[in-house]
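Novice: Sequence:
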Amino acid sequence: MRTLVLNAGYEPLAVVSFKRALMLVMSRKASVVECVDGDPVRSATKEHDRPAVILLTRYVRVPRGRAVPVSRRGVLRRDGHRCAYCGRPATTIDHVLPRSRGGKDSWENLVAACVKCNNVKSDRTPQEMGWELRFPPAPPRGTAWSVRGADRTDPSWTPYLEMAA
Numbered sequence: 000m001r002t003l004v005l006n007a008g009y010e011p012l013a014v015v016s017f018k019r020a021l022m023l024v025m026s027r028k029a030s031v032v033e034c035v036d037g038d039p040v041r042s043a044t045k046e047h048d049r050p051a052v053i054l055l056t057r058y059v060r061v062p063r064g065r066a067v068p069v070s071r072r073g074v075l076r077r078d079g080h081r082c083a084y085c086g087r088p089a090t091t092i093d094h095v096l097p098r099s100r101g102g103k104d105s106w107e108n109l110v111a112a113c114v115k116c117n118n119v120k121s122d123r124t125p126q127e128m129g130w131e132l133r134f135p136p137a138p139p140r141g142t143a144w145s146v147r148g149a150d151r152t153d154p155s156w157t158p159y160l161e162m163a164a
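Everything in the sequence shown is counted per numbering that gives the first Met the number 0, starting at 0 for the first residue and increasing by one.
Please note that the accuracy of each hint is not assured.
Subject to a maximum C-alpha distance of 25 Å in a straight line, what follows is the list of computed DSS-like cross-link-like pairs (lysine-lysine) [as the list claims (entries may be wrong)]:
#, residue 1, residue 2
1, 103, 120
2, 45, 18
3, 18, 28
4, 45, 28
5, 103, 115
Computed spacing ranges between beta-carbons, pair by pair [what the hints assert, rightly or not]:
#, residue 1, residue 2, range
6, 36, 71, 32 to 42 Å
7, 80, 102, 13 to 23 Å
8, 22, 107, 52 to 62 Å
9, 129, 66, 30 to 40 Å
10, 103, 134, 14 to 24 Å
11, 9, 80, 27 to 37 Å
Just so you know, these hints were derived from the structure itself, not from any lab. These numbers come from a predicted model, not from an experiment. Cβ coordinates follow ideal geometry from the N, Cα and C atoms, glycine included.
Turn these sequences into a full structure, and let the hints guide you.
Specialist: Right under this line is the structure:
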């Protein structure tokens with residue numbers, strides 16, 4: 000189980016393990032906003048609610064304006080694990096402008112691709128192949144990208160992530 004951490008202004012900061020969240024609550028550095036029903040944490044002497052969302056007692060500034068670093072996992076996630084050329088499930092990434100022709104590792108030049116399309120395209124551009132991208136590649140935006148560890152969200156986090164967006 001993972002826990003969403005909010006700062007005192009209810010802005011999402013990070014996602015931590017429930018153990019870390021419980022330690023923050025027990026040391027009075029955070030309070031529980033929402034807990035997981037029917038799944039308590041038991042110690043030798045006590046039973047605690049398992050936190051789903053916690054609120055820090057002190058304000059922590061959320062750094063804004065930092066670019067999301069490019070990664071293979073991030074490109075696949077941005078594109079919904081779907082090939083940018085044919086729409087089938089994608090397991091690889093492809094440079095729209097091949098690296099051999101000066102293509103960079105950037106959000107605007109990388110797309111998710113299925114193995115077949117990636118191999119057929121090879122060292123060519125989509126225009127040379129007569130292919131069209133299903134969407135223009137762009138850097139990802141939104142709260143889920145700026146909060147560390149929020150790539151897999153819990154349904155109970157939705158109101159807090161939407162509030163920040």
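Novice: Holds or violated: are the alpha carbons of residue 103 and residue 115 at most 25 Å from each other?
Specialist: holds (22 Å)
Novice: For the range 52 to 62 Å, tell me whether the beta carbons of residue 22 and residue 107 fit it or not.
Specialist: Cβ of residue 22 to Cβ of residue 107: about 41 Å, so the range 52 to 62 Å is violated.
Novice: Is the hinted range of 30 to 40 Å satisfied by the C-beta distance from residue 129 to residue 66?
Specialist: 33 Å Cβ-Cβ, so the 30 to 40 Å window holds.
Novice: Are the Cα atoms of residue 45 and residue 18 separated by 25 Å or less?
Specialist: Within the cut-off at roughly 15 Å; holds.
Novice: Just to be sure I understand the hint, the distance between the Cβ atoms of residue 103 and residue 134 should be within 14 to 24 Å; is that true here?
Specialist: Cβ of residue 103 to Cβ of residue 134: about 19 Å, so the range 14 to 24 Å holds.
Novice: For the pair supplied as a hint, residue 45 and residue 28, confirm whether the alpha-carbon distance does not exceed 25 Å.
Specialist: holds (20 Å)
Novice: Evaluate the given range 27 to 37 Å for the C-beta pair formed by residue 9 and residue 80.
Specialist: holds (31 Å)
Novice: Are residue 36 and residue 71 spaced within 32 to 42 Å by their CB atoms?
Specialist: holds (37 Å)
Novice: When you check the alpha-carbon spacing of residue 18 and residue 28, does it fall within 25 Å?
Specialist: holds (14 Å)
Novice: Is the gap between the beta carbons of residue 80 and residue 102 within 13 to 23 Å?
Specialist: Given range 13 to 23 Å: holds, Cβ gap about 22 Å.
Novice: Within 25 Å, alpha carbon to alpha carbon, are residue 103 and residue 120?
Specialist: holds (17 Å)
Hint 8 from the list above is the single one not met by this structure.
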